[in-house]
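Asker: Take the given structure of chain H and dock chain L to it, following the hints.
Chain residues, written in single-letter form:
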Amino acid sequence: MNDIEAIKAQLEIYTLKARHMRMLDTKDWAGYAELLTEDFTLDISEAANIPPIAGRDAALKLIQASIGTGKTVHQIHPPEFELHGDEAHVVWAMHDRTVRGPGEPSLRGYGHHHDRWVRRNGQWRLAAERLTRLHTDIISPAPAKPTPAK
Amino acid sequence: MQDSEKITAWFELCEAKARYCRTLDTKDWAGYADLLTEDYELDVSEGTNLPIIKGRDAALKQIQSSILTAKTSHQVHGPEIEIKGDEAKTIWAMQDRVVWGPERPSLIGYGHYHGRWVKRNGKWKLAALKLTRLHMDVEPPTTG
Chain H
0 MNDIEAIKAQ
10 LEIYTLKARH
20 MRMLDTKDWA
30 GYAELLTEDF
40 TLDISEAANI
50 PPIAGRDAAL
60 KLIQASIGTG
70 KTVHQIHPPE
80 FELHGDEAHV
90 VWAMHDRTVR
100 GPGEPSLRGY
110 GHHHDRWVRR
120 NGQWRLAAER
130 LTRLHTDIIS
140 PAPAKPTPAK
Chain L
0 MQDSEKITAW
10 FELCEAKARY
20 CRTLDTKDWA
30 GYADLLTEDY
40 ELDVSEGTNL
50 PIIKGRDAAL
60 KQIQSSILTA
70 KTSHQVHGPE
80 IEIKGDEAKT
90 IWAMQDRVVW
100 GPERPSLIGY
110 GHYHGRWVKR
120 NGKWKLAALK
130 LTRLHMDVEP
140 PTTG
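Chains as they are written, first to last, in numbering that gives the first Met the number 0: chain H, 0 to 149; chain L, 0 to 143.
It is worth saying that the hints were derived from the structure and are not from the lab. There may be inaccurate statements among the hints.
To be verified - Restricting the straight-line Cα-Cα distance to at most 27 Å, the calculated cross-link-like pairs of lysine-lysine (BS3-like) are:
(1) L/5 / H/7
(2) H/7 / L/122
(3) L/124 / H/7
(4) H/26 / L/88
(5) L/5 / L/124
What the hints assert, rightly or not - Heads up, incomplete: computed chain H residues facing chain L, CB under 10 Å, no partners named:
(6) 3
(7) 6
(8) 7
(9) 14
(10) 20
(11) 21
(12) 70
(13) 72
(14) 78
(15) 94
(16) 98
(17) 138
Said to hold, decoys possible - Calculated Cβ distances over 10 Å to all of chain L for the following chain H residues:
(18) 32
(19) 37
(20) 82
(21) 86
Even glycine gets a Cβ: it sits at the ideal position worked out from N, Cα and C.
Isolated chain H, as found in the complex (with noise of 0.2 Å):
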C-alpha cells in the first residue's frame, strides 16, 4: 500500500465514522445499519456491564433500545490509524451528550472507540466497535420550578 493509497483510505474511514455518528445521532437507523458488516461485534461490556454482542441486528437492537427517545451527541476527536490492506485499527477519542428527559439526569461522557473496518468490495464498514470510558458526568435534572410562596 503506497502512501497515496493509505491517506486515501484514511480520508474514507474518517468520512464514514463521521456519518456513522451523524445516523446515531439522527436516528437514522437504515443509514446506521449501512456501515455496518452482517457479522458486526459490539463491545460496551466495560460501560455497561453486559457481554458483547454478535451480530448487526443484535446490536441495532440494543442501541435503538438503550437510546429510545433520548437525545444523543456523539463527537470524534483525533483518530489513531493503523492500517494493513483491506483491514484498519483504529481508535478515536470520543465525547458523548444523552439527555433522556424531564426529570432524569443526563450523561456527559468521555472515552475511546477502538473500531476495527474492513474492506469488502471497495467498501469500508464497520466490523467492530469497543467501547472504553475514561470519565461520565452525570448531571441532575434542572430543578423543577418552585412553588410560587402562598
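Answerer: Frame of chain H, contents of chain L only:
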C-alpha cells in the same frame, strides 16, 4: 480528478472550515466574509424560525446582530466530505458555546453544519450553509 488532488482539497476544506470558526469567534468579519461567496445562502431556520438568508451581506448582518455582544466558541468535529471537481459538499458535527452576559442564560449547542463549497480562483468559498440541531443545553447565568 486524481487521488492526490482530492486529498489536497480535503485538507484545504478542513482548513477553510477551521478558519470559518476562528474568524467567527474572534469577530474578524473581513476574514469571515472572505470565506463566503457573494451569493452565499445561510439557513438557520431550524431553531430560529428565520427564513433562509440570501446574500453574503445580509447573512453577515444577521450573524453580527445575533452575536455582536456575545462571546462564542464554535468547534467542529469529524467531517463527511464529498468532492466533485470544483464543488464540495461537507457535513461537520458542531458544538457551540454562546455567552451573552451575566443577565442572560448561556447556551451549549450541538448539531451539524451542512455546507456547499465552490472553488473560485484557487480558493474554496462557502456558497451555502445549513445548520441542523441535535440538542441545546441552556445554562443559567453564572453571576449577577
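Asker: Take the hints in turn and mark each one as holding or not.
Answerer: Outcome of the hint check:
no., hint, result
1, L/5 / H/7, "holds, 9 Å"
2, H/7 / L/122, "holds, 22 Å"
3, L/124 / H/7, "holds, 23 Å"
4, H/26 / L/88, "holds, 21 Å"
5, L/5 / L/124, "holds, 16 Å"
6, 3, "holds, 5 Å"
7, 6, "holds, 5 Å"
8, 7, "holds, 5 Å"
9, 14, "holds, 5 Å"
10, 20, "holds, 6 Å"
11, 21, "holds, 6 Å"
12, 70, "holds, 5 Å"
13, 72, "holds, 4 Å"
14, 78, "holds, 9 Å"
15, 94, "holds, 8 Å"
16, 98, "holds, 6 Å"
17, 138, "holds, 9 Å"
18, 32, "holds, 17 Å"
19, 37, "holds, 23 Å"
20, 82, "holds, 15 Å"
21, 86, "holds, 20 Å"
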